[in-house]
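Participant: Listed in order, the protein sequences are those of chains A and B.
Its first residue numbered 1, the first sequence is counted upward by one per residue in our numbering.
Its first residue numbered 1001, the second sequence is counted upward by one per residue in our numbering.
Fair warning: there could be bad hints in the mix.
Which residues of chain B face chain A? A partial, calculated answer using Cβ under 8 Å [what the hints assert, rightly or not]:
{"id": "1", "residue": "P1014"}
{"id": "2", "residue": "P1015"}
{"id": "3", "residue": "R1164"}
{"id": "4", "residue": "L1229"}
{"id": "5", "residue": "Y1254"}
{"id": "6", "residue": "L1256"}
Bear in mind the hints are in silico, worked out from the structure with no lab data behind them.
These figures come from a predicted structure and were not determined experimentally.
All residues carry an ideal CB built from backbone N, CA and C; glycine is no exception.
Number of protein chains: 2
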Amino acid sequence: MPSPALPLKLQDLPPRAAHLCLGVEAFFRELFSSSEHPHLPQSAVLGFSGGADSTALAVMLCCLSERLGLSLHVAHLDHGLRPESAREADQAKALCARLGLACVVERRDVAALAREHHLGIEEAGRRARYTFLETVRQETGADLCLTAHHLNDLAEDVLMRLVRGTGWPALGGMHALDLERCLLRPLLLTPREDIEQFLRDIGLDWTEDPSNLDMQFLRNRVRHTLLPLFVQENPNFLASISGLWRLAQLDSEYFLSLQPDISALLEVSQNSTTSLDSFQSENCPVRDSLDRHVIHENHTLFLGQDSLDLPPALRLRLYKLALEKLGLGQPLLETLFKLDRAWSERQTGKVFQFPGPKTAEIERHGIRFVQTRTK
Amino acid sequence: MPSPALPLKLQDLPPRAAHLCLGVEAFFRELFSSSEHPHLPQSAVLGFSGGADSTALAVMLCCLSERLGLSLHVAHLDHGLRPESAREADQAKALCARLGLACVVERRDVAALAREHHLGIEEAGRRARYTFLETVRQETGADLCLTAHHLNDLAEDVLMRLVRGTGWPALGGMHALDLERCLLRPLLLTPREDIEQFLRDIGLDWTEDPSNLDMQFLRNRVRHTLLPLFVQENPNFLASISGLWRLAQLDSEYFLSLQPDISALLEVSQNSTTSLDSFQSENCPVRDSLDRHVIHENHTLFLGQDSLDLPPALRLRLYKLALEKLGLGQPLLETLFKLDRAWSERQTGKVFQFPGPKTAEIERHGIRFVQTRTK
């Protein structure tokens, strides 16, 4: 059965679909318009599941590739969790062929990965996908990885972060452009409804991952129970989330703009044999424009007593910054407050545990932050 | 039937109840420890419904009155919505007599008030309560009004604000000390569970308002549906909310600390016949320590073009500040963003509507904020 022709240029799209596409382009450009990273990426790898979201994004980016000057690769990871997953990988390849896109397919045994690393299936799958995407990005020499997260995903993310007790501005949800991870999410402010309408408008079908209905995952309980309750109370809830996200981005930038002042208060421990280096990443051309402070070994940072002169709102963010510089793992807001109280009251010797794992110990003249993971 | 004796001093309380009481005292003192309002209030009026929350707070404050140097009045408003409400008013008086507290009872026809002002019953009741409390405060010459809002109320408030699309830091929930409204909420970080346990520990019964079960109210749908789902996902959810609230207070203070700089950008319109005055309230001794800018007539503020040099995060807060100075009514975050975009792009003549009602109009050299309510 021959497949119907796919629109490969903006002018081939029906009006409503073209309008949506132009909105995505505007958001894409807006993300790169800030002075920190003014250049549009020239090449990108799209994480492609075959679901509505990544299917729509693939088509949109094909239609926009000339206007954006973007060369696109596609990467599909077969999680090997369902019997039909191999067939879905073939479908992904077929769609990419129709769009004229190069497609890399790989299979990972996510269930084995989960067992091996004592992770939930969902988390193991997430990690496998991002690792695979980054590998393909490096192999193809692309500037960025793209994912098809949309506004409903963002709303779910905000609710999950609220569930977990995330502070501000992280409560505003995932970034649309994460230069640390060379990650871009061009659909982040596009509602899922508009994405499905786009596909219907161009007459393209999609497959849905049945695990999206599995209520053993927090994500799905948020998707199918919590989020609908919020939308029921406020039909404009998704637009509200979009506003909250924009505010969080502004506050995040604002706190970062103070960072040169406040991060001067962070020193590498004198006991450490290493130093804070500013380096240029070899791998991510877009990231090149950012200075990154990296602690190579010993994984220790020291925050001196000048920090007590800061407004508490900024001191809290400085703790968070120090912990982030030591690696992954989100600190609980409650623990940051306890740390701040202990430091303000000079409770020398007191130690606080953070995920990572990391610790913060109150010393006589400051706080020592240590990454305690054994290698 | 004689009622059992009530504990009227801290040393009369069972250990667990005394511990809770001391926690409330610590929070009470903490709220007044900031330099803005360093003096504890000497007298207060407690809004008393007869429910668990205000019953527990009345007993706690009796036990703490000597330690805090606080003289307490009680005010009970009979909403006249249920046949048993008159009897409940008598019960309130009887409990106050046992506690040795002066009690003012008044009856308002809240249903009629709702009809008259085209309000929901819940909103009409809320307004009637706060107006009544403030009246009693002024009549008794008390420093503050007290309400028994607790941590579950706060969590519900955060969820309702999220539903409505509130920005940060307002998303963190109601204030514990609101000097503008002479309002103090000493139980705001105490979980409802601890309050009920306190009453059981001292052998005191309470009546529950059956309208708390009425699912036609958003508040009750949040209480009985949304909040339990969050607690189910994270048994420490209430503690998380407490952390989020503390962070919001810090950020709120931080943005206020920048206010002298940013509010210098706000001028009273040259077309207006009035001026920004700094005045001392005659009514609220605690509030006396704050300067308040009030616009008496014409209700107009003008924000000049220097505002475009501010970081956007601060400019957004400046719009909010201008709107707040013009009176009640929460602006939608989305509208603030649209206003900011229009002002950045100098879309002269464009007008935005805000609740109050208020408007903001882009002019050639700034934004004119106007309170448009007809008197």
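Participant: Evaluate each hint against the coordinates.
Facilitator: Hints, verified against the model:
With a least beta-carbon distance of about 28 Å to chain A, the hint placing P1014 of chain B at the interface is violated under the 8 Å criterion. Given hint, P1015 of chain B at the interface with chain A, is violated; its Cβ is 24 Å from that chain's nearest Cβ, farther than 8 Å. Hint status for R1164 of chain B: holds, given a least beta-carbon distance of 6 Å to chain A, under 8 Å. Here the hint on L1229 of chain B is kept, as its CB sits about 6 Å from the closest CB of chain A, short of 8 Å.
Hint status for Y1254 of chain B: holds, given a least beta-carbon distance of 4 Å to chain A, under 8 Å. For the restraint placing L1256 of chain B at the interface with chain A, the shortest Cβ-Cβ distance is roughly 11 Å, beyond the 8 Å limit, so the hint is violated.
When the structure is compared with the earlier hints, violations turn up for hints 1, 2 and 6 and for no others.
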